[in-house]
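Protein sequence lines, in the order shown, are assigned to chains A and B.
Here the first sequence is numbered in UniProt numbering, starting from 1 and rising by one per residue.
Here the second sequence is numbered in UniProt numbering, starting from 1 and rising by one per residue.
Derived from the structure by calculation, the hints contain no laboratory data.
Hints are supplied without guarantee of correctness; some may be wrong.
Just the calculated beta-carbon pair ranges, DEER-fashion [stated by the list, open to error]:
1) 85(A) x 65(B): 24 to 30 Å
2) 85(A) x 10(B): 52 to 58 Å
3) 236(B) x 55(A): 39 to 45 Å
4) 269(B) x 6(A): 30 to 36 Å
5) 42(B) x 116(A): 42 to 48 Å
6) 181(B) x 220(A): 51 to 57 Å
7) 27(B) x 116(A): 28 to 34 Å
8) 136(B) x 2(A): 43 to 49 Å
9) 37(B) x 201(A): 35 to 41 Å
10) 30(B) x 55(A): 19 to 25 Å
11) 168(B) x 6(A): 42 to 48 Å
12) 124(A) x 22(B): 29 to 35 Å
13) 115(A) x 27(B): 24 to 30 Å
14) 42(B) x 34(A): 34 to 40 Å
Computed from a predicted structure; not experimentally measured.
Just so it is clear, CB atoms sit at the ideal spot from N, CA and C, and this is done for glycine as well.
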Amino acid sequence: MFDFLEGYDLLGAFWVTVRLTLYSGVGSLVWGTVLAAMRVSPVPLMRGFGTAYVNVVRNIPLTVIIIFTSLGLFQTLGVSLGADDFTAINFRLAVLGLTAYTSAFVCEALRSGINTVPVGQIEASRAIGLSFAQTLRLVVLPQAFRSVVGPLANVLIALTKNTTVSAAIGVAEAAALMREMIENEAQLILISAVFAAGFVCLTLPTGLFLGWVSKKVSVRR
Amino acid sequence: MTPPLYDVPGPRAKRRNALFTLVFLVALAVLAWWVYRSLEEKNQLEWVKWRPFFTDSRAWSTYILPGLRNTALAASLAMVIALPLGALLGISRLSDHRWVRGTAGTVVEFFRAIPVLILMLFANAAFSEFTDISPDTRPLYAVVTGLVLYNASVLAEVVRAGILSLPRGQTDAAKAIGMRKGQTMLHVLLPQSVTAMLPALVSQLVVIVKDTALGGALLGFSELLASVRPMSANYGANTIASFTVVAVIFVLINFALTTFASWLEGRLRRGKKSTGAVVGAEAVEELATPGEHIGPGDAGGSTGGAK
Chain A
1 MFDFLEGYDL LGAFWVTVRL TLYSGVGSLV WGTVLAAMRV SPVPLMRGFG TAYVNVVRNI
61 PLTVIIIFTS LGLFQTLGVS LGADDFTAIN FRLAVLGLTA YTSAFVCEAL RSGINTVPVG
121 QIEASRAIGL SFAQTLRLVV LPQAFRSVVG PLANVLIALT KNTTVSAAIG VAEAAALMRE
181 MIENEAQLIL ISAVFAAGFV CLTLPTGLFL GWVSKKVSVR R
Chain B
1 MTPPLYDVPG PRAKRRNALF TLVFLVALAV LAWWVYRSLE EKNQLEWVKW RPFFTDSRAW
61 STYILPGLRN TALAASLAMV IALPLGALLG ISRLSDHRWV RGTAGTVVEF FRAIPVLILM
121 LFANAAFSEF TDISPDTRPL YAVVTGLVLY NASVLAEVVR AGILSLPRGQ TDAAKAIGMR
181 KGQTMLHVLL PQSVTAMLPA LVSQLVVIVK DTALGGALLG FSELLASVRP MSANYGANTI
241 ASFTVVAVIF VLINFALTTF ASWLEGRLRR GKKSTGAVVG AEAVEELATP GEHIGPGDAG
301 GSTGGAK
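Pulled out of the complex, with its shape left as it was, chain B reads as follows (with noise of 0.2 Å):
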């Protein structure tokens, strides 16, 4: 929590509070009364252009809940196939050996430092030339494909950033019975770092959900976003009820997600029974980011890869 930068206010700074509330809630009025006038001139208020969501189930069923669920679909794919390959390539990081080490940190830097939307569009492609996967199915596999690979590596890092996390007294006392550094990683450090970043991997599914959106834009993948277009052909030129409609929608889920994993993280930093170790949902931002890392990152020393 933000530490106050002002005292508890005397009558002086009461009035000057109140006035610069009285000031922000003009300018906020003026905007409004904006908006409200350009939306009025262009008949986007009009009760039948937003009727449709609220009375008609038909809207909800062939247009927003179809997409809904491809979203939802192609999210959670992504989310289950690039978490095991995550975990491969983070702990592959991890590695000894120096080749291995390199190579999974080149492959790692090199996704996370291309947009999604280059590796979806290059999946699309790839899709259309060498394999005969039908044309009606491809977006969903291209979507899927680009999310993958990018957060495949993003989530080694989440998964790297874990198991460094754990305190050393792990993999010492692993050590101290008589484990190998596979049965160490396998039996002690894995499992435990899954719950450590449980909030990172939370708050990586926004990520993904808002992601399948550039699919329903960019390459005809019928996902809640692209169902925009059809919705305000079929109900009167309604763009801005629909975008509203949309936004709420992927609002709400995500806002949903977000208190979750800071949920989840206050719930495991508290825990008495965890080791203390979490990667938090803010770490994400961060360990999207190519390059090198500061902090409890590079604790292990393996920083490799593309330079």
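Next comes chain A alone, as it looks inside the complex (with noise of 0.2 Å):
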């Protein structure tokens, strides 16, 4: 019944799939917490390019970024992160361009955390002298961490989904693999229900997982 799997590699598709989660997750990861960090810094031209960048970059269709990584960075500026054949140049852009999108979700989400920590510990640590620095590192953000962990997983498994958009621009990941099959096999019920299954066991678990996380490590107040 499933032997219209042969000849394809599925696991490698879906490795492909959570490769790119993983790199740009941990991209996102960083560069969101960087950004939150501008966002209530008291350099106002960082606050300024923080907000501007979240509230432009969220607003763009990742499907316009990914793609515009493929055509304006690379075919029209040349550039290729340091790649030379295509397929490594394709996954690393859209590692990129996954990584700009997300992290200002990432970002947004790291901001309502910082916005749960008590105003008094915040006024206690600049009373005892703790700079901006070590107020944000040593008081705020590992709180903050610890109260977003829920709502970094929903960025985690929208990531998780949006990685197909890197199908566009001919990363062979599932989404890629899902539309050469369908063209080539006569069996589309089968097919979709192979990758649809393919991805609630990647995202439902991640789900349910990280709830129970947020919930165990998440500072009760």
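With the hints as a guide, bring both chains together as one complex.
Given below as structure tokens:
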């Protein structure tokens, strides 16, 4: 019944999806944290930059960003991110686009986490003479991170689903393989069921597990 | 609003902030200069490539406006179809009957767990195999179907959260004057929850508008993003200019919707006549995620579905 799977690297395609998710997940966590720090910093220019970045990037479709990395950055401007063959270039461009997009959402999630830290604690840390960087690093961010495990999990799951967009620039991940298989095989329903099941296996356990984690680690107030 | 993490700057802090501003400004300037140089090198800044969008009305009437119309058409169709479907699913998830609750829960969790693109690809192939919709209109059908399947399940959660956010007294009062369950839902809870979930609905519209671009990139649906290729082919490889114009249009539309949603949310929260129940625009992100939800959404104890 499932012999149509022969000749296709199904696991390989989903492995590309997982790798895209992991690389851009880590990237957007770092860049998103930097952006969030900028948005609460005492330097007005940085605050302005953070706000502008988030508002612009959140409102552009991810598809536009991903296709721009290929058509605009690579084909027009020649940015290849240090890779030489097309597979590697497209993969890295996709990671770049996904990171640029997702970090805006990470930033917003973190900022809402920063808001959950009681003002009294922030006042206290200022009163004992901690600088902005120390307040952020020692008092605010550790608590903020614990309270935003849930929202960050949502961002991660959205990212997992969003990796399919990189099929638009020819990254050989799950959606690209599904498109190819639909064209070549006459098993539409089964093929779709297989890919749907694959994504349910990726996203649903992540949601349930991280939901459980967020209940565990969140600071009771 | 974020509480300030720093004191009112004194003379030293002022100097330090000025230094940081300067460093950051230099970094931004270097970046801008690099962008400018690379654009200049590839001749992307020539006025010829940007002129069509400012002086030539045909650039708008042949490429951008038809694309924009298709984007709006697909987005509004998807919203209009997904909303009643979502309401039905959301109310079913609150049902007292285990199997109704379970079925609706499974459907919702399933479609939320799958990328929209997968749903669109499936719909496109299914329409070409099982129906005789002409290949010209098929992309529109596929895009709308994919969007409806996904967004109906997200809107189901929005509706559920909206109903659960209403104060308990509403149901109690309806019971006290002898309304049946169906009557309570139809005449008391649902109308009020519509107001409560308006901000979430508007901000879900942003998600829908953004997702229509998938159809342009992968299904040959001629929406706004899809107009980039013919434009840059026609106006002398002005890829960057075309992308900029399209991105700016998307940002303007979605920024307007986002601002409207948060204005609406603030207004509803402050409103004297409202019950104080609001499903905020921020909640949409969480409601779009498969799995269980924390918070008021679980108050009814109705997390059924695919496990």
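Tested hints:
no.	hint	result
1	85(A) x 65(B): 24 to 30 Å	40 Å, violated
2	85(A) x 10(B): 52 to 58 Å	56 Å, holds
3	236(B) x 55(A): 39 to 45 Å	32 Å, violated
4	269(B) x 6(A): 30 to 36 Å	58 Å, violated
5	42(B) x 116(A): 42 to 48 Å	47 Å, holds
6	181(B) x 220(A): 51 to 57 Å	36 Å, violated
7	27(B) x 116(A): 28 to 34 Å	31 Å, holds
8	136(B) x 2(A): 43 to 49 Å	35 Å, violated
9	37(B) x 201(A): 35 to 41 Å	46 Å, violated
10	30(B) x 55(A): 19 to 25 Å	23 Å, holds
11	168(B) x 6(A): 42 to 48 Å	57 Å, violated
12	124(A) x 22(B): 29 to 35 Å	32 Å, holds
13	115(A) x 27(B): 24 to 30 Å	28 Å, holds
14	42(B) x 34(A): 34 to 40 Å	29 Å, violated
Consistency with the previously given hints fails for numbers 1, 3, 4, 6, 8, 9, 11, 14, ordered from lowest to highest.
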